[in-house]
Each structure stands twice: as C-alpha cells, then as structure tokens.
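Enquirer: Next come the chains, spelled out residue by residue.
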Amino acid sequence: MAAEEFHAPSLNDFFPPAVLFEGTPFELDRLMLVRILLSGLMMLFFVIALRSPKIIPRGVQNIGEIALDFVRINIAEEILGKEQGKRFLPVITTIFFLVLASNLGSIIPFINISPNARIGMPLVLAALAYIVFNYVGIKKYGFFKYVKSSIVVPGVPLPLHFLLVPIEFISTFVLRPFTLMVRLMANMLAGHILLVLFFSATQYFFFISGGFQAVFGVASLAAGIAFTFFELLVIFLQAYVFALLTSVYIDLALHADSH
Amino acid sequence: MSLAYLAQEAVQETRSTGFGAIGYGLAAIGPGIGVGIVVGKAIEGMVRQPEMAGQVRTTMFLGIAFTEALALIGLVAGFIF
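Line by line, the protein sequences give chains A and B. Counting from 1, one number per residue, gives the positions in the first sequence under the working numbering. Counting from 1001, one number per residue, gives the positions in the second sequence under the working numbering.
Read the hints as simulated data drawn from the structure, not as lab findings. Hints may contain errors.
To be verified - Now the in silico label distances, taken between C-beta atoms and shown as ranges: (1) A:Leu44 with B:Arg1057: 28 to 34 Å; (2) A:Val47 with B:Gly1018: 46 to 52 Å; (3) A:Pro57 with B:Ile1080: 46 to 52 Å; (4) A:Asn12 with B:Ala1021: 17 to 23 Å; (5) A:Pro25 with B:Glu1051: 53 to 59 Å; (6) B:Gly1030 with A:Leu37: 37 to 43 Å; (7) A:Phe21 with B:Arg1057: 42 to 48 Å.
Built from N, CA and C at the ideal position, the CB exists for glycine as well.
Could you build the full structure based on these sequences and the hints that come with them?
Expert: Right, here's the structure in full:
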C-alpha cells in the first residue's frame, strides 16, 4: 500500500496549463475561461433582470434593482453627491459588479478559484480607475494645476516641501493604483490558498492516510467550512472597497484644490 | 576524504526557507494594531452620535482598506521574493 505525499497548494495552482489556442497570444487557460464565464454570467443576469422593466418591479427585476441601488446610494452618492454620483455611476457600477462576479468564483464548487487571483484582471480594473480619476482632475483643473494641487500641501514652511512633495507624488500617483491592484489580488490569492489547503487536508486525512488521523480531518473540514463563510464576507467586502476607493479618488480629484 | 570536510560540505548545502512566512508575520503586526484602532474609534464615534452611524461606517471601511493593504503587500512579497 503506497502512502501518497500530501500536496500542499503552491503558486503553480494559479498557472494551469493552456486549454484552448495554445501557442498563440490568445491562449486561454482555465483561469481565463473562468473570467469569460463569470463576466458573461453577470451580464446575462442583468439582461434578464432588466428586460422589459416595469414601474412596479416583480421577481428578478427586484434583485437587480436592489443591487444597482446599493451601488448608487451607498457608494456613488454617499461619496460624490447626487449629480457627480450620477455622472460616474456607470464606471463605479461596472467595477463593483465585475469584481463581485469574479470574486465569487472562489467559493463556487467546481470553479474554486477567483480570476482576480492573478494580477491581470486587478491590473486592468486599477488602470481603469487610475485613468478615470486622472482624466477628471485634468479636465477640471488643467494638467499642471491639477498635479500641483494634488502634490503641494498648502500652509507648510518651505524646507518641508522638499520632503513632502516626493512623498505626496508617490502616494497619489504611484501608490493609489498599485495598492488598489495588490489589495484585490492578495485577498483573493490568500483566500484561495487557505480554502484549497483546508479541503485538500481533509481529503488527505480522511482517504489517503488511514487510522486515527481522520480526527484531524474533521477539524480541517470544519475550518474549511468556516473559512468559506469568511471568504464570502471578504468577497463582498473587496468589491465594496474597490468601488468605494475609486469613488473616493474621483472625489479627491474633483476637489483637488481644497485639501 | 575526512569526515570533517564532508560535514562542512554538507552544512554549506542546506538552505533555509520560510523567510516569507516570517516576513508576513512581522508585516502583520502593524496593520493588526492599526485596524484595531480604526474600528475601535469608529465604534466610539457611532456610540456617541448614533445618527452619523452610516457615514462613520463608510469611513471605517475606507480606513480598514488602507491599513490592511500593507499587510497584504507583506503576504504577497513573501511569495515573490
């Protein structure tokens, strides 16, 4: 009877072999297929929910409206106010629902990975947020005035400016998109590795190693279930935080000269 | 070859791993305290002025996101380097 080793999850899990179109630049592996699938499912949900909308909503339209109202009231209008919130609602809603739909793959049984665990998709979303808030600021104030009022802190003696200006520049124009991206990716990466670890440990304890180690299997199964619920909270929270931070950055860019 | 020479060779072959885990452990101290302070102050604020609870809650999530980002960069840095 051969005892198999326990295969702990590693970073190779995030780079599965190519499934379609191998060798071309459009090569698709499992993770990218999941990206396409989850975005498509989310679009399908909204198409079905808001097809022939009625004044008094019934059924699926209710859920769609609740979700959209959550983003509109609690994220866009709370931070940006009524009219600016309405102006930026498409961007913020897109970001929120795309992050939410992609994150949900982490706990769906046969998908088991969030497409946000590889840096590509958070990179694109962070780039979208970066372009939007810089475009808004530059359009309102003009390029030099916008950069100057974002970086220079008023009411500070001159020698301190030499210290503060580089710090402010890096903090505003480099760290904001970088942390948006890394926050989402690291959350999803850590969640996936944790869940895979617990469930593969359960499999190992129950079926592969024998005897009394099955007791440990019960503990790891309970931990896996508990962390699945925790992961659900993290999924929703990361979508909320991404959209909230995008709207905060847009608001800061709109009011760059009144820090 | 003498035993001492072989032993010396063997010692030079071993490499220590697990620095990533130590690095993350150290990186999680600061944000742990930070998130605790943010949420504690938010709770205090919500108790003192219950009508502002919604805005305080939103700002609390913002603060948590900022401080937790540093802990997560520590986690990812352990995997990369």
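Enquirer: Quick one: which hint numbers does this structure break? Sort them smallest to largest.
Expert: none
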